[in-house]
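Residues per chain, in single letters:
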Amino acid sequence: MFKYLKQLTSLVAMVAVLFTFTTESMAAKKSKTLKNTQKKGFVRCGVSQGLPGFSNADAAGNWTGVDVDVCRAVAAAVLGDANKVKFTPLSAKERFTALTSGEIDILSRNTTWTLSRDADIGLTFVGVNFYDGQGFMVRKSSGITSTSQFKDGISACTNIGTTTELNMRDFFNSKGISYEPVAFEKADEVVAAYDAGRCDTYTTDKSGLAAQRTKMKNPDEHIVLPETISKEPLGPVVRQGDAVWEDIVRWSLNTMIEAEEYGITSSNADMMKTSDNPAIKRLVGAEGELGAAFGLDNDWSLRIIKQVGNYGESYKRNIADTGILPDRGPNQLWTKGGILYVPPAR
Amino acid sequence: MNFKLKDIVPQLITVIAVVLVFGFFTYNAQINMENRGIDFGYGFLSQESSFDVQFSLIEYDGSHSYFRAYLVGLLNTILVSVIGIIIATILGVIVGIARLSPNYLINKFAAFYVEFFRNIPLLLQIFFWYFAALRALPLPQDAEAMFGVFFLTIKGLYVPAFIWQNFDIFFYSIIAAIISIIIIRAHAKKVQENQGKQIPVFLISIGLIFILPLLSFLIGGVSLSFEVPVLKQLATTSFIYEGGVSLPPELIALTLSLSLYTATFIAECVRAGIQGVGKGQKEAAASIGLTPNQVLKLVIMPQALRIIIPPTTNQYLNLTKNSSLAAAIAYPDLVLVFAGTALMQTGKAIEIVSITMFTYLTLSISISILMNWYNKKIAIQEK
Chain A
1 MFKYLKQLTS LVAMVAVLFT FTTESMAAKK SKTLKNTQKK GFVRCGVSQG LPGFSNADAA
61 GNWTGVDVDV CRAVAAAVLG DANKVKFTPL SAKERFTALT SGEIDILSRN TTWTLSRDAD
121 IGLTFVGVNF YDGQGFMVRK SSGITSTSQF KDGISACTNI GTTTELNMRD FFNSKGISYE
181 PVAFEKADEV VAAYDAGRCD TYTTDKSGLA AQRTKMKNPD EHIVLPETIS KEPLGPVVRQ
241 GDAVWEDIVR WSLNTMIEAE EYGITSSNAD MMKTSDNPAI KRLVGAEGEL GAAFGLDNDW
301 SLRIIKQVGN YGESYKRNIA DTGILPDRGP NQLWTKGGIL YVPPAR
Chain B
1 MNFKLKDIVP QLITVIAVVL VFGFFTYNAQ INMENRGIDF GYGFLSQESS FDVQFSLIEY
61 DGSHSYFRAY LVGLLNTILV SVIGIIIATI LGVIVGIARL SPNYLINKFA AFYVEFFRNI
121 PLLLQIFFWY FAALRALPLP QDAEAMFGVF FLTIKGLYVP AFIWQNFDIF FYSIIAAIIS
181 IIIIRAHAKK VQENQGKQIP VFLISIGLIF ILPLLSFLIG GVSLSFEVPV LKQLATTSFI
241 YEGGVSLPPE LIALTLSLSL YTATFIAECV RAGIQGVGKG QKEAAASIGL TPNQVLKLVI
301 MPQALRIIIP PTTNQYLNLT KNSSLAAAIA YPDLVLVFAG TALMQTGKAI EIVSITMFTY
361 LTLSISISIL MNWYNKKIAI QEK
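Top line first, the protein sequences correspond to chains A and B. Once you know that position 146 of the first sequence is 146 in the numbering used here, the rest is easy, because the numbers rise by one and skip nothing. Once you know that position 201 of the second sequence is 201 in the numbering used here, the rest is easy, because the numbers rise by one and skip nothing.
Keep in mind that the hints were calculated from the coordinates and are not lab data. Honestly, I wouldn't trust all of these hints.
To be verified - Subject to a maximum C-alpha distance of 30 Å in a straight line, what follows is the list of computed DSS-like cross-link-like pairs (lysine-lysine):
| hint | chain 1 | residue 1 | chain 2 | residue 2 |
| --- | --- | --- | --- | --- |
| 1 | B | Lys-279 | B | Lys-377 |
| 2 | A | Lys-217 | B | Lys-232 |
| 3 | B | Lys-377 | A | Lys-186 |
Stated by the list, open to error - Examples of chain B residues toward chain A, derived with CB under 7 Å:
| hint | residue |
| --- | --- |
| 4 | Leu-45 |
| 5 | Ser-46 |
| 6 | Gln-47 |
| 7 | Phe-51 |
| 8 | Ala-235 |
| 9 | Thr-291 |
| 10 | Ala-330 |
| 11 | Gly-340 |
The model shown is predicted, which means the values in this text are computed figures rather than measured ones. Think of the CB as a built atom: it goes at the ideal place given N, C-alpha and C, for glycine as much as any other residue.
Bound-form chain A, shown alone (with noise of 0.2 Å):
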């Protein structure tokens, strides 16, 4: 009887394992990531293992960022409380694969919006919160100024898993340069072979190089080149399958944005009740039933406002006033001469 002790516990581990598995799949089948999200009482949102300015946590594990910041609107909009978040640092292998088991219903890691990613592994982009572009960064000593003068042998250090290593070699091929490539799983094993002289090249994102050059023994000692070799838009993904929750984080983005357009910040978005313009009124909540379209009251834009701020102020806060890009380039206002430009909030 004994014998069969050992293999009785592992049945009944099984079968534990079996009913979490259960629950999960039939809240899946039924798209209530919503009614989830409210019964749990936080947004599960998948980040990155440590970006400066997109998603990046300090000593007291407190999350900043862009993306950081896009969870937080959907949690204002959807929990009422910007705080409610639970974020899982993720590596750029695991993304997918934790979004699409349901391990987390948003996923905000400066991922870059693909054909193939959009169309084949059950994911859905729901919009564009930060227009970017594969670079180079080199040490000034030496002496590069432009990927022209790059030559056969190079080394390039990047991440696995990303599309830069499908950028880097399009790129090299068309230069007809041979490169050796080294792909770490971590951004920050990147960055350290980097700096210590392994690589003579660190290729990834734009931003990405300009927030990890913060991060190097000297930042000063390396530039990132002018050359642009690809479109990288990043924005927020959602599990395919749940068009009201699809909706929820692309509105809570747009909303972002939008108001920024109209002029609406953090401090000012109670006054802005009382605007004469509809569309500000809208906004915030004072004219329309946006809300009751994804099953929300009518402040949930208000609350985005409020307690996360405008696209502005998240960029200023997160990416202008930490030195990492203080010039906002494409994303900027396509008022103000860049091409962040939403649909309407009506």
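Once you have looked at the hints, place chain B on chain A.
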């Protein structure tokens, strides 16, 4: 009848439970994947991979298929495992014997080595060798040549490449040498059994393995030249070596850490094996006039090996599986290339992880079978 039922029922229940659980998981996974619009299939293996790999034993670039990328990763895993197993075995045997040395210094040094390296997590050791030890190496332009032709730099170890002429003749000469050694050994054994005469097999073997290849150089038209790595400037402060063979620092760090770590366990297996042979055996052997070397070779080792082999097999398996930690330091093994990059680019998580698991299973079972065969061969044969 009653006895049989008691035997069968628990087995039957276990089988049914296992089938049900697996069936449920498969079914659930299917439903979930369907709901989320994920296709299942292995068709991606023939698609173009479109990513490059740093280090490959076969010709590969992004224009090859994902299957080829899989092979690249698999071969790199096998490479690091085989080198690791060889070094760990040699080192382990030396340290294991050293631990039994009557010499206080050797004995304590071996004990210190074992306790130090086996008690630090392997991942930390890998990081240490890669980030601390190898990073302390000079940049290519500052590297001093070792023996005039080796360059150990932060970008890797550059060694001269061999350029052979008529390599096949050289190769055959070595084969011929090995075959003749085997024949001579068999003959020597027979002579000893029949006439009690001893033929100096070892000296003859050494002679053969040197003389035959040497002859192939002198009269077989074989020649060998070296291509020495040459420093090449890429930019003001950026250099590499060209020509020759370069071993990436990732490979060096991984092999080093894996073999240093596993050698400690093998050393303990060896020590246990030798100590497991009764003292009387050694004394009996000495009393019939065998030299200490003969005692070790003819009496102690054959018995010790039976104790050493099974646990050492475990260590070989561990080393092979531990090589998957390569991903942490950018060595393109199976996990990094296939279960990493390929998985990300295709999103075929279930397919790729299942292939990877099955591959490791096959590798491990192959090692097991090989070692079990060897174990059986050296086991006591009842006469």
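Here is what the structure says about each hint:
1. Under the criterion of a C-alpha separation no larger than 30 Å, the hint pairing Lys-279(B) with Lys-377(B) is consistent with the structure, at around 24 Å.
2. Among the hinted pairs, Lys-217(A) with Lys-232(B) is consistent with the structure: their alpha-carbon atoms are about 27 Å apart, no more than 30 Å.
3. Using a Cα cut-off of 30 Å, the hinted pair Lys-377(B) and Lys-186(A) is violated, with the two alpha carbons roughly 46 Å apart.
4. Contact between Leu-45(B) and chain A, as hinted, is not supported at the beta carbon level, the nearest pair being about 15 Å apart and thus beyond 7 Å.
5. Given hint, Ser-46(B) at the interface with chain A, is violated; its Cβ is 16 Å from that chain's nearest Cβ, farther than 7 Å.
6. The beta carbon of Gln-47(B) is not positioned within 7 Å of any beta carbon in chain A (closest approach about 11 Å), and the interface hint is therefore violated.
7. For Phe-51(B), the shortest C-beta to C-beta distance to chain A is roughly 5 Å, which falls under 7 Å, so the interface hint holds.
8. For the restraint placing Ala-235(B) at the interface with chain A, the shortest Cβ-Cβ distance is roughly 4 Å, inside the 7 Å limit, so the hint holds.
9. A cut of 7 Å between beta carbons decides the hint on Thr-291(B): the least distance to chain A is about 51 Å, and the hint is violated.
10. Given the 7 Å rule on beta carbons, the hint for Ala-330(B) holds: about 5 Å separates it from the nearest Cβ of chain A.
11. Proximity of Gly-340(B) to chain A holds as hinted, the smallest CB-CB distance being about 5 Å (cut-off 7 Å).
This entry does not satisfy hints 3, 4, 5, 6 and 9, going by the numbered hints stated previously.
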